[in-house]
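A.B. asks: Sequence:
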Amino acid sequence: MTSKAFSNNIQRSCGVLYFHFFFGVALVILGWTTFAARWLPRLKPYHRTMGQIWAYGMIVQVYCSTYVSYNGYMWFVFMFGVICYGSLITGHTFIRKFQRNRELRSQNGRSLMANEMQAIGQELDKESDANPVSSPDSGIGKIEKSCWTQALLKKLHGTFMVLSLIMLTGAGAAFTRRFATTSTCVNIYCSNDYEGPLPLCFN
573 MTSKAFSNNI QRSCGVLYFH FFFGVALVIL GWTTFAARWL PRLKPYHRTM GQIWAYGMIV
633 QVYCSTYVSY NGYMWFVFMF GVICYGSLIT GHTFIRKFQR NRELRSQNGR SLMANEMQAI
693 GQELDKESDA NPVSSPDSGI GKIEKSCWTQ ALLKKLHGTF MVLSLIMLTG AGAAFTRRFA
753 TTSTCVNIYC SNDYEGPLPL CFN
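Numbering (this note's numbering), first residue to last: 573 to 775.
You can take every hint at face value.
In the DSS-like style, the derived pairs of lysine-lysine whose C-alpha atoms are separated by at most 30 Å in a straight line are:
{"hint": "1", "residue 1": "LYS726", "residue 2": "LYS616"}
{"hint": "2", "residue 1": "LYS727", "residue 2": "LYS616"}
{"hint": "3", "residue 1": "LYS726", "residue 2": "LYS669"}
{"hint": "4", "residue 1": "LYS616", "residue 2": "LYS669"}
{"hint": "5", "residue 1": "LYS669", "residue 2": "LYS727"}
Calculated from the structure, these hints are not laboratory results.
Could you put together the complete structure from these sequences and hints?
C.D. replies: In structure tokens form, the structure reads like this:
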């Protein structure tokens with residue numbers, strides 16, 4: 573690869589293409605393993621960690637796809653990405669809401685226990701204490717009633733994450749067929765945009 577090639581726009585890099593393919597296969601395997609971990613006792617404790625790794629891996633995957641194709645994408649490939657990453661973001665939003673609700677309820681439980689212990693102490697000292705005791709802040713966070721129950725949030729999280737995984741699997745299957753028909757990979761570079769209405773490409 574010459575210095576001239578580095579100075580031009582890279583349209584396809586064979587090294588990135590190979591990485592994109594094999595890393596995508598690993599993401600598909602990890603994604604379905606994460607899904608199955610919800611019902612496998614040995615893997616269930618690792619479901620959250622595996623899901624986080626999968627989500628971060630999806631970010632790497634979409635970024636390296638910019639160096640995979642030199643002639644653009646078909647419209648349905650773009651729609652695969654929209655549905656895949658839109659579902660990923662939506663599913664992640666639902667599980668974060670579920671986790672925040674659980675943390676708030678746990679904090680409220682500890683605050684209620686502390687308040688009960690304080691009330692018992694005040695009752696014991698009531699006769700000997702002539703000064704009024706002001707009630708401290710309970711420290712209990714307000715949980716607003718909503719139709720978004722914890723069970724519903726978990727179901728929606730699972731539904732959208734599985735939809736994202738299905739889109740990834742479908743895109744991987746299509747890319748596998750294309751990858752298998754490519755006997756040799758050639759790096760493609762194009763001249764800068766300002767040199768003409770259509771860039772001049774070379775390998």
